Amino acid sequence: MFFHEKYAYLYRLLNVNHKQIAKQCGYDVSLLSRWKNGNRLPSHKNGQYRELAKFFIGAIKTQAQRDEINMIIAGHRAIAPHLTLDVDVFEDWLMTSNTKPEISLMNYSLNSDTLTQLRSIISNNDAMIQDSNVVLDTQTRTDVYIYRSNHGKRDAVLYFLNTALELQEPTEIYVFSDEDQGWWMEDENFPTLWMTYLKGIALKGHRMNVIFLTTRPSEQYIRALNTWLPLMLIGHVNAFYFPNYSTHSVKSTTFVIKDTLAYVSLSSQLSDVEKIGYLHFDLPSIQMQTALFLGRMAACQSLVTTYSIETQLALLDRMMQVEPADYALKSFHQHPSPYFLPLSVFERYALSLPLEMGNRYLSIIRKYLKARENIVPTLDVFEVIPYKSMKDLIEDPNHMLFNSRFFAHRYMKLTLSEIKEFLNNAIETISSIKNYKMAFLYRTQAQKDMNVNIAVRQHSGALMTPIKPSPVNHIAIFTTEGNTVATLFKYLTSLQDQIPSSYHQKEETLQTLKDLIRMCD
22 MFFHEKYAYL
32 YRLLNVNHKQ
42 IAKQCGYDVS
52 LLSRWKNGNR
62 LPSHKNGQYR
72 ELAKFFIGAI
82 KTQAQRDEIN
92 MIIAGHRAIA
102 PHLTLDVDVF
112 EDWLMTSNTK
122 PEISLMNYSL
132 NSDTLTQLRS
142 IISNNDAMIQ
152 DSNVVLDTQT
162 RTDVYIYRSN
172 HGKRDAVLYF
182 LNTALELQEP
192 TEIYVFSDED
202 QGWWMEDENF
212 PTLWMTYLKG
222 IALKGHRMNV
232 IFLTTRPSEQ
242 YIRALNTWLP
252 LMLIGHVNAF
262 YFPNYSTHSV
272 KSTTFVIKDT
282 LAYVSLSSQL
292 SDVEKIGYLH
302 FDLPSIQMQT
312 ALFLGRMAAC
322 QSLVTTYSIE
332 TQLALLDRMM
342 QVEPADYALK
352 SFHQHPSPYF
362 LPLSVFERYA
372 LSLPLEMGNR
382 YLSIIRKYLK
392 ARENIVPTLD
402 VFEVIPYKSM
412 KDLIEDPNHM
422 LFNSRFFAHR
432 YMKLTLSEIK
442 EFLNNAIETI
452 SSIKNYKMAF
462 LYRTQAQKDM
472 NVNIAVRQHS
482 GALMTPIKPS
492 PVNHIAIFTT
502 EGNTVATLFK
512 YLTSLQDQIP
522 SSYHQKEETL
532 QTLKDLIRMC
542 D
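Numbering (my numbering), first residue to last: 22 to 542.
Please note that a few of the clues may not be correct.
What the hints assert, rightly or not - Straight-line Cα separation of at most 27 Å, DSSO-like style, residue types lysine-lysine; simulated pairs: (1) K272 with K225; (2) K296 with K225; (3) K388 with K455; (4) K40 with K82; (5) K225 with K409; (6) K409 with K296.
I should point out that these hints are in silico values taken from the structure, not numbers from a laboratory.
Predicted model, so just to flag it, every value in this text is computed and none were measured.
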């Protein structure tokens, strides 16, 4: 991305014009036009880049603009770690052409000194980027940038993500890693940066193809799911997994932006020398890594099935198939459980559908409620609901119920009588069915970390739905992959364990529900 492209991008992002810059910085409007058209460049010697950096940072008006500028600064700080002030990093970003890092080069040829030179790079204590230009027998020139240590690997990945975010046109991105997650987890800020970048990349329309290692330890796998599940609901993410579970002695990470950039690392977990990542900028290497990824993907299966507004009835049919399974059910919902809702709420939603579709919808709902009534007494059921969502339903006149599984992207406003019927249905079920338990979640870190609603039928399947409408038509994702279902079930069990034991008691839950009914009066 060259200066004039960045300049034009910031104009659009911050909604500024030549007159504003000319007035604040004292530059001629014609000079600004030449900068924007790519005919001239600002002068570093005269401090023009610095003045522009200050102006653009000062022109931020909205949180969305601030988030975008912060991502640019965070991404470029990985390339220029010696800069500390945001304005310094932003000035350097404006000056630097991001087609590839502007770094001093070291030339390598295929001779006896090559390994010695590579060892010299590896022994360097700093996580600096080095470049090796290797002339192959075919005379293909290849650029390889080496990042040393876990810190260096994180810098390389941030550069990769920043490059993807700055692309003007959507493209294909490939992601796979079976390496240990130590490099990813040891910096507590990195997972947040990772998630923020990925969300920005997904919202820009890039298609991400991700191969998951479902055999990871549960704690690591749930972190990955908490990152990627919301992105799947945003759209533009294809998720895969290997159906034949195995552990390889040599592990690898491959991230590829089609025809643009590739990040690769390998390890056998034997020594720190292996903590090295490589960025490839030359097309032959990038295409080779793409081909290797697609070769892996050919042996994979889809990890999840995604449902949209158009396939809502197919989703409800699929859930009806899982309902009779005689296995424990655990769920977490940011909104009250739909199981206790009066039929009138479903009927009101059905009126918004075409007549034939609405009739079929109500037919499925009646079957679902009947099936739940018959099967629940034979199951162990544990539902976790944030207390605040129940309280807001009563106290906040503007609060509405959101459940994409049953109501797609519509918020449903409940009448006071429907809220009372909902609470009475919950009291009746919990009182009469021994194995049905509900607990209210107050304040725990798990609630903050939970990015989606989850309902898991042990050994059968897991349904994930958004906690608010997604930018696209996706309303749910469903998986039957064994390790994923087991991991999510274990995660909800750990969430259950975080709730004080007294809150698990039926008497406590029933008393809370009765208190909520009194609040309605």
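Hint by hint, here is what the structure shows:
About 31 Å separates the Cα atoms of K272 and K225, which puts this hinted pair outside 27 Å; it is violated. Between K296 and K225 the CA atoms are separated by roughly 31 Å; this puts the pair beyond 27 Å, and the hint is violated. In summary, the hint linking K388 to K455 is supported, as the alpha carbons are separated by about 23 Å, within the 27 Å threshold. Proximity of K40 to K82 is assessed by CA-CA distance (about 18 Å); at most 27 Å being required, the pair is judged to hold.
Proposed proximity of K225 and K409 is contradicted: the alpha carbons are some 33 Å apart, above 27 Å. Pair hint K409 plus K296 does not hold up; C-alpha atoms about 45 Å apart against a cutoff of 27 Å.
The structure fails hints 1, 2, 5 and 6 (numbered hints given earlier, in ascending order).
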